[in-house]
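Chemist: Add chain B to chain A, keeping to what the hints say.
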Amino acid sequence: MTFTVGDAVSVPSKTPGSQRLPLQYSRAIWKSFFLVLLLSILPVFSIFGGARHFTFIYEAPTSAPGSIEMENWFTWRRTSDPARVDQVDFRHEFEFGVTDKFQASVYVADWNYASDRENSGFAYSDSAVELIYNFTNPVVDPIGLSAYEEIRIGDRIFELESKFIAQKNFGPLILAYNATLEAVWQGHGLEERVGELQQALGASYEISPRLSAGLELLHEIVFPDWRDEQHIRNLFVGPNVSYRRGNWFVTATALAQATSTEGEPDFQLRAIFGIGL
Amino acid sequence: MKKLTLFAGCLLIGCESTSHAPPPVTSQMTKVGTKQHVDLAALRDGRRLFVSRCIECHTLPAVTSHTASEWPRLIDEMAGRANLKPTERNAVLAYILAARAQ
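Taken in order, these protein sequences are the chains called A and B.
All residue numbers for the first sequence refer to this note's numbering, where the first residue is 755 and numbers rise by one.
All residue numbers for the second sequence refer to this note's numbering, where the first residue is 2 and numbers rise by one.
By construction, these hints were calculated from the structure, which means they are not laboratory data.
Values in this document were obtained by computation on a predicted structure and should not be read as measured data.
Honestly, I wouldn't trust all of these hints.
Chain A stretches covered by chain B per the calculated footprint, using a threshold of three residues with CB under 8 Å from any CB of chain B [to be verified]: (1) 863-877; (2) 884-897; (3) 918-926.
Which bits of chain B does chain A cover? Going by a derived footprint, with three or more residues having C-beta under 8 Å, they are [what the hints assert, rightly or not]: (4) 74-84; (5) 88-95.
Cβ atoms here follow ideal geometry from the backbone N, Cα and C, with glycine treated the same way.
Only chain A is shown next, with the shape it has when bound in the complex (with noise of 0.2 Å):
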């Protein structure tokens, strides 16, 4: 279960019918992801913040300060056990550099569009706001650290975030681990409390200066109301490629999952096309 980022997969089948949104909201949707949009191409000049290698896993370095990057995000799930939902998720995030060690980002939306046999529609998730501090460096270092906290929060979703980045450079191969904890509440008065554990772990080796591709692998442990009583085990696996030029980047990453767990996709891709602003 993955209620890291673009999540609101699966909130909505938790709350059936609580999320959709009408007509009238869902162009209004539109309208403001069309105007993030053009907002992404129209900068002539810009700072990048850097590219990632990743798109499930984080990496250690954090963006130069004074960087604005904006970053569009865009995951696409299919689940088919116990029905089949196909679920598109997109998040639009600004990010900042602060100091040489601190970046702050701003998730504006997270939302999504979900679609089964009955039912189809855009919903609005949540917000969020993201904080890295970089300890040591993946290059000079033995290993290169650093520490994220996140906050979501949505009409219907509140969430805590933690995790543990470490990563090494190993010439043209980059490593990459995350270890994270969540705590979610979710549903009508955040009644419904979820924690998970999550381990990642990633590889990326840069084949030019522009181009990477690598493998990226998930394990989960969802803790439904904070128990392990369902021993819900998730093991996603796939590869990623990573291409920039000048001031901007694309990641993909595609995951098949290892285990069988009955309402987790079987299938995730993700894409995220960043620019410096």
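Modeler: Then chain B, alone, in the frame of chain A:
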């Protein structure tokens, strides 16, 4: 999960000798730097910026991967993206040229 953690630990801790870190600033480099009117502090600052700003987008190239005449143009191209001020750009260039001249 324990196996995964162990595997990750082994991969990430690795060996410092294989980390491809650029050479630290030495007195030899300082002499090279002095010829270019750059002091020890600037060389250290140049190395610090080189190993932190450049890896935000790509892995770190070896200082010998380009010629001394190629580096100024490359750094000029990258300085804007890495948000390097003119003094920082000069420090990075001075460090790279001093390191590769060693």
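Chemist: Against each hint, give a clear statement of whether it holds in the structure.
Modeler: Against the structure, the hints come out as follows:
A stretch counts as covered by a chain when three or more of its residues have a beta carbon under 8 Å from one of that chain; for the region 863-877 of chain A and chain B the count is 0, and the coverage is violated. Residues of the region 884-897 of chain A lying with their CB closer than 8 Å to a CB of chain B number 6, which satisfies the three-residue condition for coverage. Taking a C-beta to C-beta cut-off of 8 Å, the region 918-926 of chain A contributes 7 residues in contact with chain B, enough for the three needed, and the coverage statement holds. Chain A is given as covering the region 74-84 of chain B, and this holds because 4 residues of the stretch bring a CB closer than 8 Å to a CB of that chain, at least three being needed.
Counting residues of the region 88-95 of chain B whose CB falls under 8 Å from any CB of chain A gives 0; the rule of at least 3 is not met.
Comparing the model with each earlier hint shows violations of hints 1 and 5; every other hint is respected.
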